[in-house]
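Trainee: Listed below are the residues making up each chain.
2 protein chains.
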Amino acid sequence: MKTILFATSNPHKVREGNKIAREFGIRFEQINVDYPEIRDENIRKIAAEGVKFVFERIKKPVIVEDTGLFIDALNGFPGPYSAYVYKKIGCEGILKLLQDSDNRDAEFITAIGFKDSSTLRIFEGRISGTISKEKRGTAGFGYDPIFIPKSLDKTFAEDPEMKDRISHRRNAFYKFCQWFSNHLR
Amino acid sequence: MKTILFATSNPHKVREGNKIAREFGIRFEQINVDYPEIRDENIRKIAAEGVKFVFERIKKPVIVEDTGLFIDALNGFPGPYSAYVYKKIGCEGILKLLQDSDNRDAEFITAIGFKDSSTLRIFEGRISGTISKEKRGTAGFGYDPIFIPKSLDKTFAEDPEMKDRISHRRNAFYKFCQWFSNHLR
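Chain order of the listed sequences is A and B. Going by this note's numbering, the first sequence opens with residue -6, and the numbers climb by one from there. Going by this note's numbering, the second sequence opens with residue -6, and the numbers climb by one from there.
Bound-form chain A, shown alone (with noise of 0.2 Å):
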């Protein structure tokens, strides 16, 4: 089992991740180091500039992970705030600002960066869908409860177990595991 450190505050996250990890004999070890976020609209740059920024402080391989709800009718808000901006006005303040909207039309974008000593890579996952008219379901975190993905009818809140085997974030880890596993031989 290889061990590879994981900066962020969101232990839900690492959870996730550890999921998928372990068919690829790779752990995530949780560690909290704050990088300044910078402010932009693409999330491979944030991640790109966040797990550099926590890679010179530490010296070691980790990866850090950004992800981004993008709302077609809202033009793409809240993109990469989508964290800061669930803690302020939550899914009620999402489903508010688009009561009127027939375009329910919503991406998931996870990003994934990797550093160490000579490499930096960037992972994607990207899932598409739609927000749902109220909250749906108690598992998971965030905008689960109104993110259904497309051709389904549960809300990633209704049935985790679907969002473990689809989701953007799986996605984005499932690519970084694949490539990280062979990066180590």
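What the hints contain is simulated information worked out from the structure, not anything from laboratory work. Given the structure is predicted, the values throughout are model-derived calculations rather than measurements. Just so you know, not all the hints are guaranteed correct.
No copy labels: a pair is met if it fits in one copy or bridges any two.
Restricting the straight-line Cα-Cα distance to at most 25 Å, the calculated cross-link-like pairs of lysine to any residue (SDA-like) are [stated by the list, open to error]: (1) 38 / 27; (2) 52 / 42; (3) 126 / 92; (4) 126 / 144; (5) -5 / 11; (6) 53 / 132; (7) -5 / 26; (8) 80 / 92; (9) 147 / 66; (10) 168 / 111; (11) 38 / 77; (12) 80 / 66.
Chain A is fixed; fit chain B onto it per the hints.
Mentor: Okay, now just chain B, sitting in the frame of chain A:
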């Protein structure tokens, strides 16, 4: 007349600054130097980091300005992300979020960061008020059509002369100009 550089992409802010600066014999000159804004809820810190970054790039005395609208019932949202949030959901989005709210208290805060080879200084201006029930007025920019200063009954966008006399930005620029005209001696 002493010219000082003002790193911003927003000409409205330069115009508002110059109205105040004139009586101090100071003139702001806009430069478009992009700086990575950190994600932080403290706009003084954002202005400080921003102006340090710009000064390192241009090596000339320079100011940056950061303004946030902090709405009580939304836990301080949109705060330091006011410009991003405005671009995405506008005044209409804020009005939707507050539609069921009796508490409409809000505060505008501006922080101006100044940096030259020897000095880093932050100047702050604030104004309390309320968020109107609907957009009113066409002057100004940003959230001006929905912000009513305390004890008054017009929005900033309905009475731009009133805004010029009492606004958060006016107060911050006034403090800066007072200090800077002495600093020059």
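Trainee: Could you check the structure against the hints above and give me the numbers of any it violates, in ascending order?
Mentor: Hint 6 contradicted; others consistent.
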